[in-house]
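Chain order of the listed sequences is W and L.
Counting along the first sequence from 1, when you hit position 69 you're at 69 in my numbering, and nothing is skipped either side.
For my numbering, count along the second sequence from 1 and bump the result up by 1000.
Don't read these hints as lab results, they were simulated from the structure.
The beta-carbon is built from N, C-alpha and C at its ideal position, and this holds for glycine as well.
Treat the hints loosely; a few may be bogus.
Stated by the list, open to error - Simulated restraints, written as ranges between beta carbons of each label pair:
(1) 1272(L) <-> 41(W): 54 to 60 angstroms
(2) 1442(L) <-> 46(W): 48 to 54 angstroms
(3) 1236(L) <-> 26(W): 14 to 20 angstroms
(4) 1144(L) <-> 46(W): 32 to 38 angstroms
(5) 1386(L) <-> 25(W): 28 to 34 angstroms
(6) 46(W) <-> 1409(L): 23 to 29 angstroms
(7) 26(W) <-> 1272(L): 32 to 38 angstroms
(8) 1331(L) <-> 21(W): 34 to 40 angstroms
(9) 1255(L) <-> 41(W): 55 to 61 angstroms
(10) 86(W) <-> 1107(L): 55 to 61 angstroms
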Amino acid sequence: MTSVGPIRTDPAQRAALRRTRARRVVAFAGMLTVVGGLVGLRAALTPAPTQALGSSGLAVETGGSGSAGGTSPTPRHTSGGGSTTARRVVVGKAYDVSYGTVQVKVTITGSRITDVTAMSLPHGGRSGDISQYAAPQLRREALSAQSAHIDSVSGASYTSAGYAMSLQSALDQSGR
Amino acid sequence: MTMAPERPAPPQLIPDARPASHVGVRVALLAGALAIVVMWWLDPSPLHGAGAAVTAAGRLAGLLGAYLVLVQLLLMARLTWFEHAVGFDRLTAWHRGLGTNTVLLLVAHVLLIVEGYSLSDHRAVASTGWRVLSTYPSMLKASAGLLLFGLVAVTSGRAARRRLSYEAWYAVHLTAYLAVALAFSHQINAGQDFVGHPINRALWWGLYLFVAVELVRGRILLPIRAWWRHRLLVERVVVESPGVVSVWVRGRRLDQLGAEAGQFLLWRFLAPGHVWSAHPYSLSAAPDHGRLRITVKDAGDHSAALAHLRPGTPVIAEGPFGHFTLGKSVGSRLLLVAGGSGIGPIRALAEELVRRGTRHHLDAVLLYRAGHVRDLALRDELDHLAREAGLRVVYLVGHRSELGSDPLSAAALQGLVPDVRSRDVYVCGPAGMTHNVLRAMRELRVPVRQLHSEDFEMA
């Protein structure tokens, strides 16, 4: 192991090293500035918060933990062929989960689940963020599975479990 | 002093005369980062309150950090486009320059996410951190991955490299692949931009697959194909002077290898103690008659062991790499400047020049800078070229303190080579020297397109 030679310890070498380090520090500061700037820009462009959960615009119906929901069958005429198909909205039980309450409302047309709306989900702060992204996915899963056998959304396992249980209770009530 | 040292100096983005084709590569890499920012921007979750803002910053830092990790892999994947446009030495310099900042960005990602969640949930940072680690999917794996990245960064710092053998550093560096794999699942399974976003998820998978395919192609398949085609074997090992060893390698169809004087290859000798590492050594002789030669000074465990290579040892060589060739010269009058171990490629260039010079009048000056006479390598060959072919060789020996001035300052160079402005200048040596010579050349108003340099000090 010899030292690599006299020129390596030259002042020029050390100056080059200092320049490299300075350049890297500036680059990292630049990266953080870009990230911070983008977040600031996005926050400035975000509209003011609304109270509605998700985009459904439904008012949140409160229900005590485990309280029974109810059915509200409403006849509805479909546009095709003149045949009528029963369209019912069934409200599932509310379940308390770790960060809030989960309760869903199921729309059943004939024997098909045609919509699932979250009436209550954990809200506020981080939990609200999770609900925001988990709810649409859970709804999609329920519609495609046509049952409460839905996969848990990563990072929202409690909400997913409450969602599935409330959905199951609504389906049980519907007698479907 | 080696033809390629075992203790690399820091990366040097040395200004040189290389065409600005690397701009295309920079633009492509920036476009990728921009696409990721767009993906992050399009995520619908609202940005209300400090917690959400900090979390969003953390997500962006994570996305960009992961992207930079992929860029780091791609820079080293021997992509033909990158090698041609940027050059191996500069790619390596970029890789080294980006490395620490990539890991720091990943650390920032973790800190910002935990801080953001803690603000949103009104919980202590420590308990939030624990909750994320214990309840979110794949977080333990991701944490292990980050630890490995940190280890890779720390062992690549100057202080650590001085203490570590090349082989130890290389082994740690290889774990970066494991770290990438460990970190991947938390991105896909817990990343807000990917959970429930099948398109983003598919694009992200595609990006990783692309990098993986390029790595396998460039780092495994191409070297194997090259070995199959050329069947390189050690022919003989020559001790040039105490501590300086030349290795002659012969093979088949070497004309198809396309190696030129001034270029280097990554050499992997299939012998005990050599198999697990590939080292960049420049050719120290113009390629000819089915033979290649490298010359290495004993500066570390690997280079010292080269002296014990047995004839017939198979060799896998990646490359050739480098833009440091006569083909890049603007005119036919040259100034070659070698510092320390940069003499290897400079010697090869001189030989190539003499070979071509039989047709033209040879007009070349070779300056060879060394701290001490004993550090001059290949001196007999240089003297031979001077005697037989009329190459003007000037040895600039001695420490600057002994000489009283820098023999490579603008004034000194002007004195040594009065017509320097009409010459193509090739500089190869330690980064500091190369930088100084190039600066002196600009002071002397040598046109930039006549300046050629190769930073031979690389991993």
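Now the hints, each set against the structure:
no., hint, verdict
1, 1272(L) <-> 41(W): 54 to 60 angstroms, "58 angstroms, holds"
2, 1442(L) <-> 46(W): 48 to 54 angstroms, "50 angstroms, holds"
3, 1236(L) <-> 26(W): 14 to 20 angstroms, "49 angstroms, violated"
4, 1144(L) <-> 46(W): 32 to 38 angstroms, "35 angstroms, holds"
5, 1386(L) <-> 25(W): 28 to 34 angstroms, "46 angstroms, violated"
6, 46(W) <-> 1409(L): 23 to 29 angstroms, "58 angstroms, violated"
7, 26(W) <-> 1272(L): 32 to 38 angstroms, "45 angstroms, violated"
8, 1331(L) <-> 21(W): 34 to 40 angstroms, "37 angstroms, holds"
9, 1255(L) <-> 41(W): 55 to 61 angstroms, "57 angstroms, holds"
10, 86(W) <-> 1107(L): 55 to 61 angstroms, "58 angstroms, holds"
In this structure, the hints that do not hold are numbers 3, 5, 6 and 7, in rising order.
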